[in-house]
Amino acid sequence: MATESETLQRSGRFQYAEIRGKAFEAILIAATLVGLVALILLFGFMFFDAFGPLSASLEWYLLFFSTLVAPVSAFTLYCRRNPAARTANARASAAVFGGLVLSLAAYIVLRAMSPYGPLVYLITVSSMPLSVAVYGRYTENSYFVGPAMVLAMLLAIVWTFGSEVLLFPLLDAVFGLGNDLLGGVPVLGSVPVPVGRGLLVTAIAVGVPTLALANSVLRRRTSRAGILAVFAVLGLSAAGTAGLDQLIRPILEVLPIWSAYAGVIGLPVTGILALLITRQRGMRAGITAVVAVVGGGLAVVAIASAVSMDPSLWVVLFFGMGVPTAYVVGEAVISDRDGRVGVAGPFVILGGILVGAYLERLLSVTGPDSWVTPTLLTNSWNGLTATEAGAYPSIVGSIMIVSFMALMAFPVGVGAAIYLEEYAPDTGWKGRLTNLVELNIANLAGVPSVVYGLLGLALFQNLLNFAPGLVFSAAATLGFLILPIVIVSAQEALKAVPDSLREASYGMGASRWQTIRSVVLPEAVPGILTGTILALGRAIGETAPLIIIAVPTTTFTTPGGLFSSGAAVPLRIFSASANFAPEYRKGVVAALAIVLLVLMLTMNAIAIVIRNRYQQ
Amino acid sequence: MSKKRETELSSLERSEFIVRKERLYGQLLAACAVLTIAVTGGIILSLSGQALTFFGHVSPIDFLTGQNWSPLSNTPSYGVIPLISGTLIVTVGSAVIALPVGLGAAIYLSEYASSRVRGIVKPLLEILAGIPTVIYGYFALVYLTPLLDAPLPIRQTIIPGEFVLVVPSISTFNALSASIAVGVMIIPMVSSISEDALSAVPDSLREAGYGLGSTKFDVSTSIVVPAATSGIVSSYVLALSRAIGETMIVVVAAGESPKMPTFPNILENFTESIETMTVAMVNIASAESLGETVAYESMFAIGLTLFAITLTMNYIAELISRQYREEY
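Respectively, the protein sequence lines represent chains A and B. Mapped onto the working numbering, the consecutive letters of the first sequence carry residue numbers 1 to 616. Mapped onto the working numbering, the consecutive letters of the second sequence carry residue numbers 1 to 328.
In isolation and in its complexed conformation, chain A is listed as follows (with noise of 0.2 Å):
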């Protein structure tokens, strides 16, 4: 027998298939290398040809090795052995970094837009969930805060962002339509037009809520509280519907403009640093560092006023930076015995940076005869001499599309995913509507983004008559292109959610609500931020939609709002990609992809962070 098989094993046919299994799998590793490769030459050659990498001279990748490649690997090596200090590590550095770019990104889209309008609406938006909140705090029963804060926020958003700028090209295609139909009947009509659609608004936004609370109010015979709220919501929304751009925005012009920047973005961030600080040490420390927090601001505007530079940028950094760092670095420092020096992982970095540039220009070595230069992120485009062309405002643009586009898209995205796994029956005519929509969102997934494009052209600027190629239509458009790809990764998120979890939260007599918002969500939030964000980097990129929507390929002036022209990267690459001077063809425009791509992969890269950090 023994011999038999080997006989077996040494036969022509076995040596026949030994080969033909070796090939195969060459003709495997061949094909996934295809891939690779691809990936390869097109980072390579635009790699290569944004930063010129060989016109550096020795001395500076000498210098830039010694100053930030070797402390950085050595740090990192360090972190590896101590898992506590990469645990802080991670930490900081998503302070810093997240904070800089953040920070950076909220300052150039406020100064684009002037920040005393988002202040205004920040003020008004927030005011009354807050006052809301505040209240529920010092009643017993108040199981009606949730709801009330979300309808407070929604009215908030109507009267001061609707009433200006929704509701009236809504009624104008409203009103429009209604005479094409009825041949010009004078309803509403023959009343001078800005006269009849003001009044209308505000009675809408006026009437709707008072009556509402005014009937709730009416048949509970609820104390004397309740009736004032009527005539606290009247006055809010008469407030709210008379232009508030007209009313307040005067009042808070007379203010510098730091301080705008200081409310918009420091108001915030010194809330949310308080409410954590009071959690977690009491009143007096959050009251303290409330002080501490204002007091450095303050004292960033002295130093910069002291030497008569512009204290904005350097408020928005202080507050959308400084602030979270100092709260890591100050946590990190007085509570994390063991991982107390990866906090330090950023600033070898930074430190690397800043020093490497300081002695570059000190020893004037030669560096890399680079294409992405602070001209390119900062000034507008030129298209004659490619040395002096940017991309600012398309910079500007893609931010702020992308923005307004994720804060519309991400509720509904999220609160369809919510309803299709936690309440969508399987059975009945609710079951088969459930079906429908599963397989609606599986095919919206595959339309062709161009035909979004025509879906936001027809309903922006034939149904309501916008301008072509606004920002608000801009965002939308991508963002009915981004829900089912939000649907279906937040879907997957509360899947992978134990349902032992979700019965063990039964079990205790939570409702259905209950159970999703305290146990359900917080285990899925970061499967749902890495769709997200996976979602942001395509829209980030998406060209034909834009195009189709008539966004301005070419821009020299930044979008000055939600409802002026718009303008993104994606679209400047487009356009000067048909320019065949070899300056901008292999370098400008290279360097634009560059950034482009980098912004897309660090997006990416977050989500994988993320993905991996909670999915042991």
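These are computed hints drawn from the structure, not numbers from a lab. We treat Cβ as the ideally placed atom computed from N, Cα and C, and that holds for glycine. Treat each hint with caution, since some may be false.
Lysine to any residue pairs mimicking SDA-like chemistry, simulated, CA-CA at most 20 Å apart [as the list claims (entries may be wrong)]:
1. B:Lys259 x B:Ser169
2. B:Lys122 x B:Leu99
3. B:Lys216 x A:Tyr16
4. B:Lys21 x A:Pro411
Quick list of simulated restraints, FRET-style, between CB atoms [to be verified]:
5. B:Ser77 x A:Pro374: 48 to 54 Å
6. A:Val525 x B:Pro168: 56 to 62 Å
7. A:Val101 x B:Ser199: 32 to 38 Å
8. B:Pro76 x A:Ser126: 37 to 43 Å
Derived contacts from chain A toward chain B, CB cut-off under 8 Å, selection only [unchecked claim]:
9. Ile418
10. Ala442
11. Asn604
12. Ile606
13. Ile610
14. Arg611
Assemble the complex: chain A is given as a structure, and chain B must be docked to it using the hints.
Just chain B now, with coordinates in the frame of chain A:
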């Protein structure tokens, strides 16, 4: 006694306000879900509304059978065949690259690669799907086309007097580089979905194959791949539908000259500039910001055609993959 129990029970009931609140939240969330249907409805309504007015000007038969597409000229003509053929050229070109490569990568990742290699390679491949398409287009135009054009034109005599291999040089805007870029872009769609399907094949099937003395090659090709056929096919269909709807790569790299395909030398079609359905839409949109002309409406007619094609393909893919889900 019973009365006492009743009061105890009623105290366990939630108050009316909380019940209402619960219901309100449920309805709000359901509204979010229903909004997705409204989006589809909006797409269909907006597309068909404008397309219908377009078909009032141009008969659907002329649209679907016409061989000349020139909506912006003085004597406009709206025949969609050149656009469909352009789309087909790009789709076929990208399929030639992406389908075998994607499947190969999927088999490698699922059957041969160690879990560590898979953990690194799979996300790297997926980056390919996330790169903005306008960058692919730029890459194809500026880097790929010169690279492909460098050894061209080739005029090589293979058999003297009998057969001369002629490969003409390619034009600046050409279908070849665009299809390669589209193909690279859809590789991860094929590889990821196919890999999921291959990994879903139960190990018992593989073990049965090995138990019968099969080699790894036999198990992969004769057991695992056939068992995952429906998943692979559905990944193919999805990837092709993505290629059909791809816009920016083709706009930037393949130019804008609608052409009827040339036969029998099919390869020649790839060396020249073409125009796909998506490019035609972008062209009209960037030229026509004035409003309701016939050209403007024709954009929606193409959009409707495109939507119908991709919707059908996605639906087929969904059906196939549902079939395959029931298998195990």
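So the hint says 48 to 54 Å: do the beta-carbon atoms of B:Ser77 and A:Pro374 match that?
-> Check passed, 50 Å falls within 48 to 54 Å.
Is the interface hint for A:Ile610 satisfied, with its Cβ closer than 8 Å to some Cβ of chain B?
-> Violated, about 14 Å.
Hey, B:Lys21 versus A:Pro411, does the alpha-carbon distance stay inside 20 Å?
-> Since the Cα atoms of B:Lys21 and A:Pro411 sit roughly 19 Å apart, the hinted pair holds (cutoff 20 Å).
Hint check for B:Ser199 and A:Val101 - Cβ pair distance inside 32 to 38 Å | Given about 37 Å between the Cβ atoms, the range holds.
Between B:Lys122 and B:Leu99, is the straight-line Cα distance small enough, at 20 Å or below?
-> Roughly 17 Å between the alpha carbons, so the hint for B:Lys122 and B:Leu99 holds.
Hold the hint about A:Ile418 up to the distance rule: shortest CB distance to chain B must be less than 8 Å.
-> The hint holds - A:Ile418 has a Cβ within 8 Å of chain B, the shortest such distance being about 5 Å.
Okay, A:Val525 versus B:Pro168 on CB: inside 56 to 62 Å?
-> holds, 57 Å
Under the criterion that the straight-line Cα-Cα distance not exceed 20 Å, is the pair B:Lys216, A:Tyr16 satisfied?
-> holds, 13 Å
Take a look at whether the Cβ-Cβ distance between B:Pro76 and A:Ser126 falls inside 37 to 43 Å.
-> This hint is violated: roughly 54 Å between Cβ atoms.
Straight-line Cα separation of B:Lys259 and B:Ser169 no greater than 20 Å?
-> With Cα atoms ~18 Å apart, B:Lys259 and B:Ser169 stay inside 20 Å; holds.
Does A:Arg611 meet its interface restraint, that is, does its C-beta lie within less than 8 Å of any C-beta in chain B?
-> Status violated, d = 10 Å.
Does the nearest C-beta of chain B fall within a distance shorter than 8 Å of the C-beta of A:Ala442?
-> holds, 6 Å
Checked against the numbered hints given earlier, this structure breaks hints 8, 12, 13, 14; the rest are met.
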